[in-house]
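A.B. asks: Note that the protein sequences, when read in sequence, are chains G and Z.
In case it helps, the working numbering puts the first sequence at residues 1 to 689.
In case it helps, the working numbering puts the second sequence at residues 1 to 689.
Don't read these hints as lab results, they were simulated from the structure.
There could be a bad hint or two in this list.
Same chains, same label: a pair holds when it works inside one copy or across any pair of copies.
Unchecked claim - With a cut-off of at most 25 Å between alpha-carbon atoms, the simulated BS3-like pairs for lysine-lysine come out as follows:
| hint | residue 1 | residue 2 |
| --- | --- | --- |
| 1 | Lys355 | Lys95 |
| 2 | Lys339 | Lys371 |
| 3 | Lys95 | Lys152 |
| 4 | Lys467 | Lys339 |
| 5 | Lys339 | Lys449 |
| 6 | Lys464 | Lys345 |
| 7 | Lys344 | Lys464 |
| 8 | Lys464 | Lys339 |
| 9 | Lys371 | Lys449 |
| 10 | Lys45 | Lys464 |
| 11 | Lys339 | Lys234 |
| 12 | Lys403 | Lys167 |
| 13 | Lys237 | Lys190 |
There are 2 protein chains.
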Amino acid sequence: MTINLPRTLAMGGTLLLLGSFGMSTRLRADEGMWLFNDLPREMLKSAHGFDPTEEWARNIMLASVRFNSGGSASFVSSTGLVITNHHVASDTLYKISTAEHNYLEDGFWARTPADEVRAPDLELNQLVSIDDVTDRVNEAVPASLKPAEAFKARQAAMAKIEGESLKATGLRSDVVTLFGGARYHLYRYKKYTDVRVVWAPEAAIAFFGGDPDNFEFPRYNLDVSIFRVYEQGKPAKVDQFLRWSKNGPADGELVFVSGNPGNTQRQFTTAALKYLRDHRLPYVLDTLRRREIMLQQFGFEGEEQERRAHDDLFSVQNSRKAYTGMLQGLQNPAFIQQKERSEKKTLEQIQADPKLSSFAQAWSAIAEAQKRRTALVGQSAILASTPFSVAQTLVLMAAEDQKPSPERLREFRDSNRESLEQELYSPAPVYSDFERAKLADALAQFVEKRGGDSPLVQSVLAGKSPKERAAELIAGTQLADPEERRRVAAGGQAAVEQSTDPLIGLARTLDADFRRIRQETDELDEIERQAYAQITAAQVAMHGTSGYPDAKFTLRLAFGVVKGYREDGQDVPPWTTVGGAFRHEEAHGARPPWRLPSSWHEHRANLDPETPFNFVSTADIIGGNSGSPVINRAGEFVGIIFDGNIQSLTSDFFYSDDVGRAVSVHSSVIPVALRKVYGASSLADELGH
Amino acid sequence: MTINLPRTLAMGGTLLLLGSFGMSTRLRADEGMWLFNDLPREMLKSAHGFDPTEEWARNIMLASVRFNSGGSASFVSSTGLVITNHHVASDTLYKISTAEHNYLEDGFWARTPADEVRAPDLELNQLVSIDDVTDRVNEAVPASLKPAEAFKARQAAMAKIEGESLKATGLRSDVVTLFGGARYHLYRYKKYTDVRVVWAPEAAIAFFGGDPDNFEFPRYNLDVSIFRVYEQGKPAKVDQFLRWSKNGPADGELVFVSGNPGNTQRQFTTAALKYLRDHRLPYVLDTLRRREIMLQQFGFEGEEQERRAHDDLFSVQNSRKAYTGMLQGLQNPAFIQQKERSEKKTLEQIQADPKLSSFAQAWSAIAEAQKRRTALVGQSAILASTPFSVAQTLVLMAAEDQKPSPERLREFRDSNRESLEQELYSPAPVYSDFERAKLADALAQFVEKRGGDSPLVQSVLAGKSPKERAAELIAGTQLADPEERRRVAAGGQAAVEQSTDPLIGLARTLDADFRRIRQETDELDEIERQAYAQITAAQVAMHGTSGYPDAKFTLRLAFGVVKGYREDGQDVPPWTTVGGAFRHEEAHGARPPWRLPSSWHEHRANLDPETPFNFVSTADIIGGNSGSPVINRAGEFVGIIFDGNIQSLTSDFFYSDDVGRAVSVHSSVIPVALRKVYGASSLADELGH
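Bound conformation, chain G alone (with noise of 0.2 Å):
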């Protein structure tokens, strides 16, 4: 189960969220995650005979569904079901649950409306309009600015056309970054904030095989729950939403994913990759496996506190795998050698052009920034802990308020406020165990990477040992109460500065730290952004084509075909049935993770071993597509994406369909399972299978 975009560390700063430039002069087959408006029409018509209309595409469009906390989701019916990953939802299934009753590992049906279970905190996003605003954003950085004041001045004429946009239409209005920096689209949004949990299925058969088979293939993994999004109380009435297939695909389709991928580095220079290889992804490694051994071992403390870590072990444990699989891409000299030559042609034909020579100096400009990217590495004051991330909130919210929107850090601009008030006041739990052994581990990271006499560090501690001063904090903050957080909020900068909860105080002290870093990187982004922008141009001017852009978070059309491979020699058929649940489970003895929960084997009998579980198919995917539905030509719904399989791992930098694959559940699985299994007929019926 891969590919929600990694929540543990996408919280600790601005992991891979680079300025990247995306323009592929030569495509694979079944390359691209194409923006809905530029799809790639000629290359869908000459490979697949297949010519999808405006209402085909604008449909689809507004049947997708993007998971705030990170991941991709589809309506799925007039009554506003919505349908995602289980390891999307379980963010929200971890936070309604309770030692009494654990949603997340027992899974839920609510039979009635009444039974739904409203989420904390979650927004759903659906794209409604896409507009190209370059031009206007261009336009207010004038050449002259040195890189913090274009910065500066991009960033206001962002928060600015996005600010006029709420206003004019009351959308959430996100202007989107693309080609690295060559393109500025405002994205509008219908955000849905009243979401409800409606079934979701046991942990054991939404992750059979756990962690060790993650990002494998063959799988048996019903990787999917329900929820229901809801307007002033009642279910939210959904024009568009995918009907369901009858059969599902069939071996050799056509099939389209519509989802959110997180982010690519598929046009990164060399030297940009080599950052991530020798400085940045060794030291997001090391974290994950500090993280993931202290979860371990926190769990070990009791069945309760095993829960309470259960759904960050899981994050960090598939990020780590994840990771893992990108770095040895990177690592393999084949890979950067071939990028090296390639880069190489490139800056010959652009210095042999008089017309664009002046091109050449990006390339040189992004190296130049990696080096002061690497000194950064590890440096960030931002510790893994609820409640310390609700206090550096706070601290920067009253100061930035000072301000105004246009001029703020921005994630504290006007028009996202309301996004950001969503998560601050959540009312999901905080376990104050759990918590101090987090926040000790985050300021054990933090005195190594400052080392223990920097003054900073000596101010964090005041005196203590990282768990000493973890414990003390944790004991003394007010702010697991999400009252408290509105109180301090209203009081603005005079309530921060007065505050006496240490987590607060905390705060303070790491707030010039955390905007030198802040501002440094802003720089740097400014930079690159311009840098990738004039790489973009010279490719233009020297190919006359634009691709499609890397991948940003927002909503992208991908397509490929459902496809086996060849693996050690031996045929993987395109997909697994139910049968093979149940012999998976025998080869392993049963042993957990390869237990199958009590329900299927109650239903055993009453299950047609040949129904289709998962399938995969040479769809370009990556992280934050999880969730996303597969769509045939008809438009219709025939699976959910949740994983790639191991060889996909390097897709980050480069696609390959050789054995490179996205895995889905079938959408046949899905109904059966629903009735035969859940007795949950009248959900199935809602979907309309």
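With the hints as your guide, set chain Z onto chain G.
C.D. replies: Okay, now just chain Z, sitting in the frame of chain G:
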């Protein structure tokens, strides 16, 4: 379960084997790891009213045994029986196990001598004499020499003394550096290399509570195994051994621990401690965590893979937990500040005294050396893989053997050859899938640390990813076979140069780099050796006294009293009972690792629940002391050290008897378990109990 030397990392190089200096001017009660030729008689007399005779001390020294794989032990019968910890024996139990017969998990008892199983590569040492050779070593090193030459001259002098001693006595002869370089003692050992397993319990009782309970107390671990040493194919006749105590120790009783503490850094300068805190230990922990995850992942592949990874996994988890505690101690600002104050005071005294002021430069020399050490962290070209270690040893040995013994790298001196070959030609199994996984991870880490653009990295990878390269190297090597190792070694330099074995090729590729780093660390060791010798001289001049030197994995005597402590406002009694073990199992729902073996359940009715199981004492121990006998005033065996509690993990840097405790198996439970659980009464008879 602690505290044998971390095997895995010890293989990796020079972990914490820095020069160290030891001299406590103010000792805490029961502090000290004392030299057998310089016991704290005054202290014992005044604090405990005990005045050991020469004979008492000599008998204990001769009854003590060192496991060169990284632990301590003792003779407990005239028939050559040696008792140590199960977790010290585990290296051997693992190596003699197969997919069909798992000695490590299932335990073992050889009913007759013919059933005893020979360890493939164990060497046991019995210390028989200690001589001061400080003057001879120092005479060979004129003050005019630069560090690199001084290092060579000193090593040559030591090798010469050792070679002469071996020739004269036939005994293993090691010159040991004490007080960080102020003293050199010649230790002569009787070696036992025919060592056979007699009895081991199941891992489930030896390591009851597993990683979660490790370093905790109360405990209920039968962390014991019994070997027998042989000479000329017959059980060795042993004159000095420990007689079994009838009742074991009483609360408050004075006890002694005779064993081989591995390394302490009690008298490190603050600069040296800060290097550990900010550079060395963070790197060691990152390495341990990545190995832990790698070993867990490998174990997921199947039960046999889990077995293959088990011993390394235990060792890595044990080290990770120990070093986490150590780093936590170093990160406590109070600790370093106290060290700084005391160091400042000493320096002021020295600088105020014209006879001593020249010694002050020793502290700055050590501080300078730490800067150079920092640049070397993680650079080592030693890859954690058994066949690669073999290849590297063969390549180095062939070249070193071209030189006279005193000029070689220390481990290749003639007087050490037998011990080296015992390990090099070990017939212990080598599993290619496991070695592939370990080497792939080690290569990936090497790429991370040296950078993918390094020409050396590019030579090492030969155009492949770390994983592909590891697969190719392990598939191609013949070095899993000890006969092939002998063949290459017999062929000397020519055989190494002409070898087409890919791992020999890799070791040749890495040779210059290995030697460059080794030369640098040897030089730094010499600089610190001279500096710590000066610091010792200054301290003796000021205080006129010498204490105990930092630990060096040589025999020491510690002492303390059996004594409980307070934790979280509760009294922790000094011992646990057999009944408590069953209650502890029940409290954890008998979930692994809290599931007692079936043998204990079957024979529960025969067991007196009041039988003492484990106990704590204030004796000063550290990693390497695992398996040390605990001895009473009468010189009887009353227990066996197997762990320190979590509060004692900072004892690398300072001893405290507030709540830090050594944890032992009580002597009473061992014969009870042998008779009542394992039906091994004849073995209990042989132990004389």
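A.B. asks: With reference to the structure, classify each hint as holding or not holding.
C.D. replies: Quick rundown of the hints versus the structure:
1. In this assembly of identical chains, the alpha carbons of Lys355 and Lys95 never lie at most 25 Å apart, being 57 Å within a copy and 70 Å across copies at closest.
2. Taking identical chains as interchangeable, the C-alpha atoms of Lys339 and Lys371 lie at most 25 Å apart only when both belong to the same chain, with a minimum of 19 Å there against 37 Å between chains.
3. In this homomeric assembly, Lys95 and Lys152 never come within 25 Å of each other (Cα to Cα): the closest approach is 37 Å inside a single copy and 64 Å across copies.
4. When the C-alpha separation of Lys467 and Lys339 is checked against a cutoff of 25 Å, the pair qualifies only between copies, where the shortest distance is 21 Å, while the shortest distance within a copy is 45 Å.
5. Taking the shortest Cα distances, Lys339 and Lys449 sit within 25 Å of each other only across copies (22 Å), while inside one copy they are farther apart (32 Å).
6. In this homomeric assembly, Lys464 and Lys345 come within 25 Å of each other (Cα to Cα) only across copies, at 23 Å, whereas the closest approach inside a single copy is 56 Å.
7. Proximity of Lys344 and Lys464 under a CA criterion of 25 Å is satisfied inter-copy only: 22 Å between copies versus 53 Å inside one chain copy.
8. Proximity of Lys464 to Lys339 under the C-alpha cut-off of 25 Å is restricted to the inter-copy arrangement: shortest distance 15 Å between copies versus 49 Å within a copy.
9. Taking the shortest Cα distances, Lys371 and Lys449 sit within 25 Å of each other both inside one copy (18 Å) and across copies (16 Å).
10. Proximity of Lys45 and Lys464 under a CA criterion of 25 Å is satisfied in neither setting, with 66 Å inside one chain copy and 38 Å between copies.
11. For a Cα distance limit of 25 Å, the shortest separation of Lys339 from Lys234 qualifies neither inside one copy, at 53 Å, nor across copies, at 66 Å.
12. For the identical chains of this complex, Lys403 and Lys167 are intra-copy neighbours only, at 19 Å inside a copy versus 84 Å across copies, given an alpha-carbon limit of 25 Å.
13. For the homomeric pair Lys237 and Lys190, the shortest alpha-carbon distance inside one copy (13 Å) is at most 25 Å, but the shortest distance between copies (87 Å) is not.
Of the numbered hints listed earlier, those contradicted by the structure are 1, 3, 10 and 11.
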